[in-house]
Every structure is written in C-alpha cells, then in structure tokens.
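Protein sequences, first through last, are from chains Z and X.
Convert by adding 15 to the 1-based position in the first sequence; the result is the number in the working numbering.
Convert by adding 127 to the 1-based position in the second sequence; the result is the number in the working numbering.
What the hints contain is simulated information worked out from the structure, not anything from laboratory work.
Keep in mind it's a predicted model, so treat the numbers as computed, not measured.
Check each hint, because a few of them may be wrong.
[Stated by the list, open to error] With a cut-off of at most 27 Å between alpha-carbon atoms, the simulated DSSO-like pairs for lysine-lysine come out as follows:
| no. | chain 1 | residue 1 | chain 2 | residue 2 |
| --- | --- | --- | --- | --- |
| 1 | Z | K240 | X | K277 |
| 2 | Z | K160 | X | K141 |
| 3 | X | K141 | X | K235 |
| 4 | X | K277 | Z | K61 |
| 5 | X | K233 | X | K277 |
| 6 | X | K277 | Z | K203 |
| 7 | Z | K61 | X | K303 |
| 8 | Z | K249 | Z | K61 |
| 9 | X | K233 | Z | K160 |
| 10 | X | K141 | Z | K61 |
| 11 | Z | K51 | X | K141 |
[Stated by the list, open to error] Per the computed footprint, the stretches of chain Z lying under chain X, defined by three or more beta-carbons under 8 Å from a beta-carbon of chain X, are:
| no. | segment |
| --- | --- |
| 12 | 29-36 |
| 13 | 110-116 |
| 14 | 133-143 |
| 15 | 147-154 |
| 16 | 197-206 |
| 17 | 240-247 |
| 18 | 267-274 |
All C-beta atoms in this analysis are idealised placements derived from N, C-alpha and C, irrespective of residue type, glycine included.
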Amino acid sequence: MDFKENGFMYGIAVMVIVFVLAQAFFFLIRAWRRGKEIGMSTSTLKNVVTSSALFTIAPAIAIMATVVVLSSSLGIVLPWIRLTVVGNLQYEATAAQSAMEAFKGGETAVAFGQEITDPTVFAAVAWVMTLGVIIYLILVPLFLKTVQNKVGKVTGNGDGNNKFGDIISAATFIGLIAAFIGNALVGKAATIVKNGKTEATGMGAGVMSVAVLITSVVTLLVLQKLCKKFGWEKFEPFVMPLSMFAGMGMAILLYTVLPESISLYEWRPVA
Amino acid sequence: MSKNKELGSPYIEKTHFWGRIFSVIAFIILLSVPTMITVHYDAHPTFHQIFDGFVSVALIFWTAAILEIIVYAPMLGTGASYLSFVTGNTTNLKLPCVLNAREIAKPKPGTDEDEIVSTIAVATSTIVTTIILAIGVLALTPILPKITAKGSVFAPAFNQVLPALFGALGAGYFAKHWRISFVPILTAVICLLFNGNLGTGTLIPICVVVSILGAYVMYISGFLTGGVKPENPLKKKK
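Same shape as in the complex, but just chain X (with noise of 0.2 Å):
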C-alpha cells in the first residue's frame, strides 16, 4: 500500500497534464458543435440574440461553475475533477460514485490510493452513462417516455432517485460521524424552511461551509476526541 502523502507526486503531475491536453480538445469539441450547426444549417442567429440569452445563464451558471470547482475539486481528486467537469452531472452522480468507491476502498485521504479510487470510480461511471444514454437514444426512445410519464408505476422511482441515492450515501457516513453530521443537516433544514426552492448548486456550499466550521470547533474542543482536547491545527501552521 502507497504511503506516498506529497500532494503533487509524481502521479498526480502527470495527470494534471493529461487532464490538461484533454481539457482542451473537450473545449475545442464543444465548440464546434454549435459551430458545425450555425454553418451545416446556413442558421446564423444575431450577436444579441446569443448574447441576450447567454448573460442571464451566464450569471447564474458561472459563479455556480466558480463554487463548484472550488468546492468539489478538492473532495473529487485530480483525475476525477478533470473527467468529471468535462462530462458534467458532478453532484447527483459522480461525487455520489466517488464516495461509494471510497467507502469500498478504504484509502487514505491525499494518497495516490485515494486518487486512483476517485478516477476509477468516475472514469466507469462516465463510462456507463455515456453507453447508457447511448443505449437509450437509440433503443428506448419510444418506450422511455412511457416509463417515466406522469401516471406510470416507475415514475415515482425516477423522481425519488435523489433521495435514494444520498440515503444510501448518507447512512454509512453519519451511522460513522454522527455528532459531526447534526449541524449541517439542520443548516439545510432551517435554510429550505425559509426559502422552499433554494437550488442545491446555492444550499451545498452554504452546507459545507458550516459543516466544515462546525466540525473544526468541535475538534479543537475535545468533542471529536473523547474530551481531549487536541493542538488547534491552525495554529500549529503558523
């Protein structure tokens, strides 16, 4: 077993540059298909009507994409954030996958072990998805409707999957952490009380953010530590 805990080993800087040259062409792809379309089709719309369009995303998507990346790269790894940015869907299904592997793997946290976990976990399930919604383009798209129409008897799974999966997620980790694991889910509670539709891409940090404050306190107090009050961290840096 890897004990190497260097942030930046030699493994990690290799797939930074990997992650690099396919950032890039995946950039390059995914312009040209607008591209490809404005020109096969002689369809040229006007600077304003993309522009018009585009800002009122672009507020809203580019300061989530600026949280997200600073939020979640960290938890994802190297190699899983660059897959995982590129093919999209990180919160409902990449992450979710990543911590199901690392549960099953049991790495330590920063070690290359823990690296390879994450990008397995999110190279398969890219994998899957990919030939899943290929599988379902091409194959289910008469019946999928049907299964998944209001009425149908699978609806309500489909609707539920969320819940589902962040249960089954959610047990292991707060059966193992459970004085930590209070705050953030009243945090959640209390802010979905005052506003009902608050996104997830504004409630996660908001939640992280508190969890990761409530769980230092808790630390530096002994709680986490059987009274024992342990060196504040933070100031061992210094």
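If we strip away everything but chain Z, and leave its shape as in the complex, we get (with noise of 0.2 Å):
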C-alpha cells in the first residue's frame, strides 16, 4: 500500500480532525450559552448556525478540490491534513513546491505535480508545510490582545464613539470586499509551477468572473427587497448563501450555453 495514504496517515488525520472538531464545538457551545444568558433569542442564534452551514458548503467543496489538485503529489491524506489545520491551496502548493526543489539535483528530485516516492521527501515537505504556518499559533496567543485592543481605541469602539466607530468597520470589510471585487473585474489568474512549467490554477477576470459577480449582487439586491416587501423573515438566512449559489449556477448556464471561446474569454490570460 501507498505509505502516504495508509492506515498510519488516516490515523494522523483522525487525532487532527478530533481536535479541530473538539475546539469549534467548544466554542461554538460557550458562545450559545453567553448568548442565551444575555438574552439573544434562540432563533436569532439558530439562524446564524444555518446560514453559516449553508454559506460554508460551496467553497468547502472548492477547498476539497484543492485537496485533489495537491493529492497529485502528496497523495489524499497530508493535504486533507494541512487543509484542516491552518491552511489554503496557494501556501500549500508554494510550501510544497519549495520542500521539493530542496532536493533539486539529488536521485529523488520531483516538481511539484509528479508522485513523491521517496518517505525522505514526503517529511520535508511536510515539515516545511508546518513550519511555514506555525507562526500563526505563536503570533496569535501571544498578541491577540494587544492587536485587538489597539485597533478598539482607534475605531472608539470602547468609548461609545459609535458612529465613527461603524464606519470605520464598515469601511475594513469594504476594503477586504473591494481586494476581491477588483480581482474578479480585472485580476489575472493566480499560478503555480507544475512540473516545471507555470500554470493557472483558476480563471482571471473575463466574461465569466464580471456575469458570476453581476449575478450574485443583483439576486442579493433583488431578494432582499423581496424580503423586507413581503416580511419574509424566514427566508433571510438563505438569501446570502442562494445568491452565491446564483452567482455559481450563471457559470454553468454561461458554460454551456455559449462557445467557450467567450464564456471562457479572460481579459489578460496567463500566457
């Protein structure tokens, strides 16, 4: 049997899945608590554990196909690992990538892409993956606090300050929001170097990316008016998580309707 996806490996995954598990439930049952105890009602908290899980389930599945592009090297077991604990398909692909050429010259040398065969490899790798994200477990505990702190007196959060405060919140996640909108209008695809060559690992901006976004801000817009027009309370967790679905179903229709000569058309594709 393959030693990257034996019982051993399945059993490093179990103890990691365990844990990660164990710490959101934790959290996740402190939390309800607090919140009961200072009288948020139950539907309230209910609806942010639904549409959470609704809002999770697409990029989960694009976090599980990552695991299937870095399986090529690393087999199932160590991605699944590294993407449940402090991970994403950029630094992933990078750390591996770097682990590898290492071994540049040696009997054993891979790129990333081909099927690592040698155990000798398949630890550095995976040490260079851990040591490249642990700085979070440091930095976190450590400074927290004092970060979160520091930005509260700033924003007049902690002195009721509040509307300077609201704008200033509003205009971070605006800002995190505008990163990824400009990405999706004018964005080249990001890239990684398999087997030597550079490749996109998705799509730039084009035809599809500008109709996905269009899509889901007109079904949020049209479905919110909806909502508050007819008092569908209900129905509002799922008007976030169905626009992005929209958004998602527009590309299949765009993929199979129109040649892919323009559905796929980027604006500035990787050469």
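Using the supplied hints, reconstruct the complex from the two chains, each of which is provided in its own coordinate frame.
See the structure below:
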C-alpha cells in the first residue's frame, strides 16, 4: 500500500480532525450559552448557525478540490490534514514546491505535480508545510489581545463613539471585499509551477467572473428587497448563500450555452 | 440585548484564556504531524533540506501572517480569531462567513453579541468544512477529480466561487455604504491593472488601509453625515 495513504496516515488525520472539531464545538457551545445569558433569542442564534453552514458548503467543496490538486504529489491524506489546520491552496502548493526544490539534483528530485515516492522527501515537505504556518499559533496567543485593543481604541468602539466606529468598521470590510471584487473585474489567474511549467490554478477575470459577480450582486439585492417587502424573515438567512449559488449557477449556464471562446474568455490570460 | 461595550469584558477575557490553551494544543498537534511521519518512516531529511525550503516560504508567508493577524483579527472578534487562525482559509471562508452572520443578526460592533455571533459563525463553518472534507476524502475522491476537471460542466462554477461569494457579500455593503465603496474598489482595480498577479494577501491590506483613510476623510469632511461636519474623533481623544 502507498505509504502516503496507509492506516498510519489516516490515524494522524483522525487525531487532527478530532482536535479541530472539539475546539469548534467547545467555542460554539460556550458562545451559544453566553448568547442565551445576555438575552439573544434562540431563533437569532439558530439563524446564524443555519446561514453559516449553508454559506460554507460551496467554499468547502472548493477547498476539497484543492485537496485533490495537491494529492497528485502528496497523496490524499497529507493535503487533507494540512487544509484542515491553517491551510489554503496557494500556500500549501508553494510550500510543497519549495520543499521539493531543496532536493533538486538529488536522486529523488521531483517537481510539484509528480508523485513523491521517497518518504524522506515526503517528510521534508510535511516539515516545510508545517513550519511555514506555525507562526500563527505563536503570534495569535501572544499578540491577539494587544492588536484588538489597539484597533478598538482607534475606531472608538471602547468609548461609545459609535458612528465613527461603525463607519470605520464598515470601511474595513469594504476594503477587504474590494480586493476580491477588483480581482473579479481585472485580476489575472493565480499560478503555480507544476512540472517546471507555470500553470494557472483557476481563472482570471473575464466574461465569466464579471457575469458571476453581477448575478450574485443583483440576486442578493432583489431577494433582500422581496424579504423586506413581504416580511419573509425566515427566508433571510438563505439570501446570501442563495445569491452565491445563483452566481455559480450563472457560470454553469454560460459554459453550457455559449461557445468556450466567449464564456471562458479572460481579459488577461496567463501566457 | 447586551450593551456591554467594554473591550475585554469578562466573557472576552475568558475567551482569551481558552483560546490560548487551544492554541498551545494546536501547536503541539501541528508539530506532531511531521514528527510522527519522520519517526514512523525512519525518514530523516537533513537540516538543509528542510531549511532551504522553509526560508523561501517563511519570507513570504510569515510576513503575510503578521499582516493577516493585524488586519483580520479585529474584524473577526476574539473567539473567531482563535478558531480561524487555527483552522485556516481565513479570507476565502471564515471572514466572509462572519460578515454574513453579522448581516443576519445585526449586532452592535464591539459588544458581547457581536463576539458571540462571529464565534458561532466561525465554529459552525469550521465544523461544516471539516465534515465536508472528511466526507469528500473518504467518499468522493474517485468522483471529485471528474467534477472539478477541466471540461466538466461544474468546473467553471468552482472556478468562480470567489466572485460569487464576494459579490453576494459586497452587494449589501455597497448598497448601504456606496459613498465609501468607490475608493477601495478603484484602488484594487488600479493596483491590479499595474500588476495583475498581485496576490490578495498583498492587495487586501492595501485596500483596507485606503478604505479606512478614505472613510475617515469623508467622515470629518461631513460627506457621510449629510454635510454636517462632526468633531474629528481622533483629535477628541487627545
């Protein structure tokens, strides 16, 4: 059996998953209890859970797809573990690639995309992937409190100066969202070096991304208006996830209906 | 409804305590993965083989980690930060999830309610992601490459998760705060026109800083308050 996908590796994965789930359930139950204590309604709390769960499905499937991309070199289990704890595709692929490059010129040199057959290379990759992200687990417990207090003071959340705090808080989120909107409008596809060649890992901005963006924006605005007009309070948690699915549905529709030369057209394709 | 607006309320203080404990356990578990692989397979890469790979990764990603914590932690809230930085996928999943949850529950920023909503959102998202990944790995591995493979009908949809996600999220914000939305979007577009490959890790801090500065200038000039010039909140503090 492949050493990358044997019982031992699955055993490690189970250990990691049990920890991640235990931590999440612990914080969830604690927050829920505190919410009830300060008078939040069960329906509000339930709505947050339902909407967050629905909202997570599509991105989680996309993350699953990145596990598959990484599995061509690393087997399925290590990418699974890595994307369960502090992971994302761009990072994991870069880390795996950097680790493999350290073996260049040796007997077992591999490039990202080729299967690793030497446990030593595999162990090196696991170490590099881990050490590259361990910084979060050092910085967060040490500095999170300081960072939050400093920012809280600047935005005035601590002294009741709400209007300004609310505006700065909204501006912060809008700044974050703007980066992704900009990417959907004019960005190029992210790339990784696979078998020595630069390859796009997804799609850059083009017909598809702009159509998807417009669809999800319009769907959300229309659904929100309908909810307000007809008082569909129970439907509100589904508005955001549904708008997202509508956007993704538009991608499938365009791909099915239009010729690829139009539907997959990118303004600035990766050469 | 709680009006507890103190930074570091007893609940949040306790969250820091538990968050730190879980971070230490996560640190040990994370390091135990390569350690167990090394010991079990008797596979010992040399110091240089690990260090060479590590340095090129650390230069980029350790810097990005510092920026991420400064920019995202205040947006996420305390419990959500501890959870999110342990489980990863912060920008493409956890943070959007928190924004979505806040849109639904509409808590006041900085209150215990706000903290509870963001914690529940990230905890739920973590549980769902972990379950989907587990099911996916165990059951869907043979099918998934076909679904996401180039040429599959579903492939374009998975390539467009981010525009779909941030379009849906942004719409509400842009409709409500259209005045402060122009500047950061324009900034993102201009930056990307100069360098189309600029990673979101770099672009986000730029857009966030520009957005905050833009909003601050608009606020003190009275553009956001119907022409009435409010007192400069930063000067008032001194």
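Which numbered hints are broken by the structure, listed smallest first?
Checked against the structure, the hints that fail are numbers 1, 4, 5 and 17, while the rest are satisfied.
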